[in-house]
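**Student:** Here is what each chain is made of, one letter per residue.
Protein chains: 2
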Amino acid sequence: MSTNRTLYTCLSPALIDLYEVKDALVVIIDVLRATSTIAAALYNGAASIIPVDSISECVRIAAETGGITAGERDGKVAEGLTYGNSPFEYPRAFIENKILVLTTTNGTRLLHMALERGAADIVTGSFPNLGAVCDYLVASEKNVILGCAAWKDKVNQEDTLFAGAVISRVKQHFSINCDASHMAETLYHAAEGDCFTYMQSQQASHYHRLMGFGLEGDIRYCLTPDGANILPLYKDGKLILG
Amino acid sequence: MSTNRTLYTCLSPALIDLYEVKDALVVIIDVLRATSTIAAALYNGAASIIPVDSISECVRIAAETGGITAGERDGKVAEGLTYGNSPFEYPRAFIENKILVLTTTNGTRLLHMALERGAADIVTGSFPNLGAVCDYLVASEKNVILGCAAWKDKVNQEDTLFAGAVISRVKQHFSINCDASHMAETLYHAAEGDCFTYMQSQQASHYHRLMGFGLEGDIRYCLTPDGANILPLYKDGKLILG
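So the protein lines, in turn, are chains A and B.
One rule links them: number in my numbering = place in the first sequence (from 1) + 162.
One rule links them: number in my numbering = place in the second sequence (from 1) + 162.
So that you can see chain A by itself, here it is in the shape it has in the complex (with noise of 0.2 angstroms):
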């Protein structure tokens, strides 16, 4: 076990350049609700899913790949995509080897930022896959960042209980410098492992928002550990089985 390994949390896109992200193994978190869904869309069999920043791209590279396209804009189906992002649209009959575009207000974004700093080694987590996310960052060799998607840069309570949740498993593994880190864990022992009825104890943004959108069945999906417990890994600009 090597602690010479430095894990970090970035709790918003706009503080992403006070890490050092070239050469790291980025986590991009976004909860509720893209990454719980292409974990969901990878776990029920989509050959891939390739994230996209625009609406016009998502129609684009959908039509050159013949790939469906999906997105949310404010928790909604974007206008002029087919699907929206939650994690039940995908089960297997529908999604198994068909490839999803897929563009969502947070999520993507952060991914690119990444990319574009020259990140190592790029996956995504969510509840739904954090013992596979877990299982990824121990056995790399990478120092790590746990990328927070946030709400338009606004700190978000679900991807920092998700980072807690990362933190609280694999910590005996990294030095750990990071007081947003020791946050992250401290929030997610608070929630003492059912993040669903802390959330609803909360009066977290995000989370009133999609309730009002009567998406209760996806908040309580994309809140449980290990429903669909695959390592989606960002290569050759697309999200694929890891």
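Hints should not be assumed to be uniformly reliable.
Note that the list lumps identical chains together, so a pair holds whenever it fits in one copy or between two copies.
Derived pair list, reagent style DSBU-like, types lysine-lysine, alpha-carbon separation capped at 30 angstroms [claimed, not checked]:
| no. | residue 1 | residue 2 |
| --- | --- | --- |
| 1 | LYS314 | LYS304 |
| 2 | LYS333 | LYS260 |
| 3 | LYS238 | LYS304 |
| 4 | LYS184 | LYS314 |
| 5 | LYS184 | LYS304 |
| 6 | LYS314 | LYS333 |
| 7 | LYS400 | LYS238 |
| 8 | LYS314 | LYS397 |
To be clear, the hints were calculated from the coordinates, so they are not data collected in a lab.
Using the hints provided, position chain B relative to the given structure of chain A.
**Tutor:** Here is chain B on its own, set in the frame of chain A:
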């Protein structure tokens, strides 16, 4: 009691432009140690405290005003200045009726950012003046931003803890749609009212930096409520007793 007023917590100066600073009441929080020392010096009768950005400006303004030069860089007395950033350097016998010209790494910078963005009202807060800050926030009619000075833009635990302490006391007077605020409050509750013991149990980075300088007494003071329970109010370039 009005609940139409909003309260937001800005965890890092790098995030300040996500918030509506104009016309707001901004609390500058730099617990270890700038805003604790500001509270202590004003409590002990300092005529005023002039916060400045740079060492050269500190020297220049002190010469003009007959003030005392003080400040830290990376937790130590800055070269060219006479005093440091410890609350214990400013007992009444020394500081009464004097002007303190103070430059610090993070707090002064955030104060000037709030000023440039048109804050209606700027005060400084730390545990030694927790009660006075809360009373002022409740009595004010303005929207509130709790501004954490952080450490070179990286989120820190001590400033976030103080934000949480404030929120736990004043929240019924505000509409709080801000995950950073809810996280701060959860963190504060996790500390169970004893922030010094909590920080000891954590690998909080600035805490350990200062402990390494032998500053345990300072840290205890800075994390203990109401030891210098006055309100530093920024007016015409100076912090004075509010």
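**Student:** Each hint needs a verdict: does it hold in this structure or not?
**Tutor:** Each hint, compared with the structure:
1. LYS314 / LYS304: For LYS314 and LYS304, the Cα distance is within 30 angstroms both inside one copy (28 angstroms) and across copies (25 angstroms).
2. LYS333 / LYS260: neither (36 angstroms within a copy, 49 angstroms between copies)
3. LYS238 / LYS304: neither (36 angstroms within a copy, 34 angstroms between copies)
4. LYS184 / LYS314: Close inside one copy (23 angstroms) and across copies (20 angstroms); limit 30 angstroms.
5. LYS184 / LYS304: Within one copy only: 11 angstroms inside a chain, 43 angstroms across chains, cut-off 30 angstroms.
6. LYS314 / LYS333: Intra 28 angstroms, inter 24 angstroms, cutoff 30 angstroms: intra and inter.
7. LYS400 / LYS238: This pair counts as within: shortest intra-copy Cα distance 23 angstroms, inter-copy 48 angstroms.
8. LYS314 / LYS397: Answer is within: at 26 angstroms inside a copy they meet the 30 angstroms cutoff, but 33 angstroms across does not.
Hints 2 and 3 from the list above are not met by this structure, while the remaining hints are.
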